[in-house]
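Please work from the sequences and hints to get the whole structure.
The lines below spell out each chain.
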Amino acid sequence: MSQRYEIRFSGAGGQGLILAGVIMAEAASIYDGKQAVQSQSYGPEARGGASKSEVIVSDSMIDYPKATVVDALLALTQEACDKYSHDLKEGGILLIDSDLVTKQPKGNFKVVSFPIINTAKNEVGREIVANIVALGAIVALTGVVTRESAEKAVLARVPEAFVELNKKAFQLGYEKAAAAM
Amino acid sequence: MAKKVAFLQGNEAAAQGALYAGCKFFAGYPITPSTEVAEVLSAELPKIGGKFIQMEDEIAAMAAVIGGSLAGSKALTATSGPGLSLKQELIGYACIAETPVVIVNVMRGGPSTGMPTGPSQSDVMSAKWGTHGDHPAICLVPASVQELFEETVRAFNLAEKYRTPVMVMPDEIVAHMRERIVFPEPGELEVIDRTAPSVPPEQYKPYDTKFGDVPPLAAFGSGYRFHVTGLNKMDDGFPTTKAAVVQAEEERQVRKVDANIDDIVKFEEYMLDDAEVAVVAFGSTSRSARFAVNEARKQGIKAGLFRIKTFWPFPEKQIKALSSKVKALITPEMNLGMCTVEVRRCAEGKAPVHGIFRVDGEPINPGQILDKIKEVK
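Order-wise, the sequence lines are chains Y and D. So the first sequence is numbered by this note's numbering: it starts at 1 and just counts up by one. So the second sequence is numbered by this note's numbering: it starts at 1001 and just counts up by one.
Everything labelled a hint here was simulated from the structure, so no lab data went into it. Careful: at least some of the hints might be erroneous.
Stated by the list, open to error - Per label pair, the in silico range of CB-to-CB distance:
no., chain 1, residue 1, chain 2, residue 2, range
1, Y, 161, D, 1317, 21 to 27 Å
2, D, 1263, Y, 161, 51 to 57 Å
3, D, 1212, Y, 155, 54 to 60 Å
4, Y, 86, D, 1321, 39 to 45 Å
5, Y, 83, D, 1321, 44 to 50 Å
6, D, 1230, Y, 82, 51 to 57 Å
7, Y, 160, D, 1317, 35 to 41 Å
Said to hold, decoys possible - A few chain Y positions that, by computed beta-carbon distances, are all more than 10 Å from chain D:
no., residue
8, 36
9, 42
10, 108
11, 155
Ideal Cβ positions, reconstructed from N, Cα and C, are used throughout, including at glycine.
See below:
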């Protein structure tokens, strides 16, 4: 299972985390030619509540579609961070929103933090693209898919009118995370 | 030319499989976690001259699907646990009226409203025993997005071939997860259509056994007239209480499946040749099991996996043979022992059967299965 790489996107329902996971998995499976599975778990609420989306990337067939030990975790809320960081691997990567996750879990992993939602709101101009900012950051931190494939996958998912907005969101996320590494 | 590939959700693949099989009619009532099947078909069916209708509830949706099929269209409905309970009376109607229909039922936590977004495998008994009376039952339990596409095509084939309802039952994990899928070219997968009558309308009888156990089915509106009822019926479709006719008809309906088990039952064997411990699993749980079997092998334990693809009719013959080859069987499932009781019945005491049950909305993880393998080896 050494080639198996597990990423978990977590936060609150409505933050677009499932979509971020789908795009990541599409980048791996359609554009990078790897195997990928995306799955999710969420409550019955349409908005709010802790929500997670998991992506497994591998060079070979993926049997168990859910995370076993998480290589990289994104947490956009304190609740999600508290709930979903327990199985983060030793030496893994934790990416958090520095405004919203103030209590960091203890453990032997690398923590990268910057104001993800604030970046979307004030630097890109729309809070709604926070998931794409986070995706850009995860791509930079994990290197599990190429930047080119991830960008292609993002753009294939967004309507024409929002291409520039999402491009900018992805780039900012990527660069901020790369700088924080 | 390169084949078309996509990164698709299980439910979307079920809808695409239905279209590949020639489905032209969908009636349903939206329910999590099956709604995406309806969503895709509401967009796609009108483009190909098909019909999509959202009914007032699940019962009406099942009735509409029976009507759609009798009018000559391959017909589908999609639902989840509570909806399946509501459909049961009309599923029985489809059985006795010998109407080909496909029901995609995505398994979520139950009973009742249960856990709408949580995975489960607890509807497999409802697939066989949910509607009352003796009747044939076919239920397929795919484990991947690609397989959900292919097994939906097969479900239509079996429904058409045997003139009976067929259920496709992915658990919520398989229905909601996304994987890469390679679309088969037209003609690559077999597509079976119901047998049309070979006699003129005035000689047609909808349940005429001189054509075999599965009589040809005419489409309403094509000039062939016949009677449809939920009562026990004669060859012309009209009700009867004649003992010999009712007995023979009931037996024939069940025989349509029982005499064709080898055609219907599909399964996959993994690392079973020298296995001492066999895990018997289906749906997403079989993927945890495969992971666990691989880990066990790395540790030198002779474990294998029997993956059930057709839950009904149950792979009795194969489980029976397996149970005399291994030291122990393990049955992980997201319910409190539904597959376990069947495996135990087939094993006839030749090997102990150890269940692993979870109904808390969480999947059975590979570690749980590996621990059990080590415990019973």
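Right, here's what the structure says about each hint:
1. 161/Y x 1317/D: 21 to 27 Å: 59 Å, violated
2. 1263/D x 161/Y: 51 to 57 Å: 52 Å, holds
3. 1212/D x 155/Y: 54 to 60 Å: 56 Å, holds
4. 86/Y x 1321/D: 39 to 45 Å: Hint holds: Cβ distance 42 Å, inside 39 to 45 Å.
5. 83/Y x 1321/D: 44 to 50 Å: 45 Å, holds
6. 1230/D x 82/Y: 51 to 57 Å: 55 Å, holds
7. 160/Y x 1317/D: 35 to 41 Å: Taking Cβ atoms as reference, residue 160/Y and residue 1317/D lie about 57 Å apart, which means the hint is violated.
8. 36: 7 Å, violated
9. 42: Given that some Cβ of chain D is not farther than 10 Å from that of residue 42/Y, nearest at about 6 Å, it is violated.
10. 108: Residue 108/Y is indeed farther than 10 Å from all Cβ atoms of chain D, at 21 Å.
11. 155: Per Cβ check, residue 155/Y is outside 10 Å of chain D; nearest 15 Å; holds.
Violated hints for the displayed structure, listed by number in ascending order: 1, 7, 8, 9.
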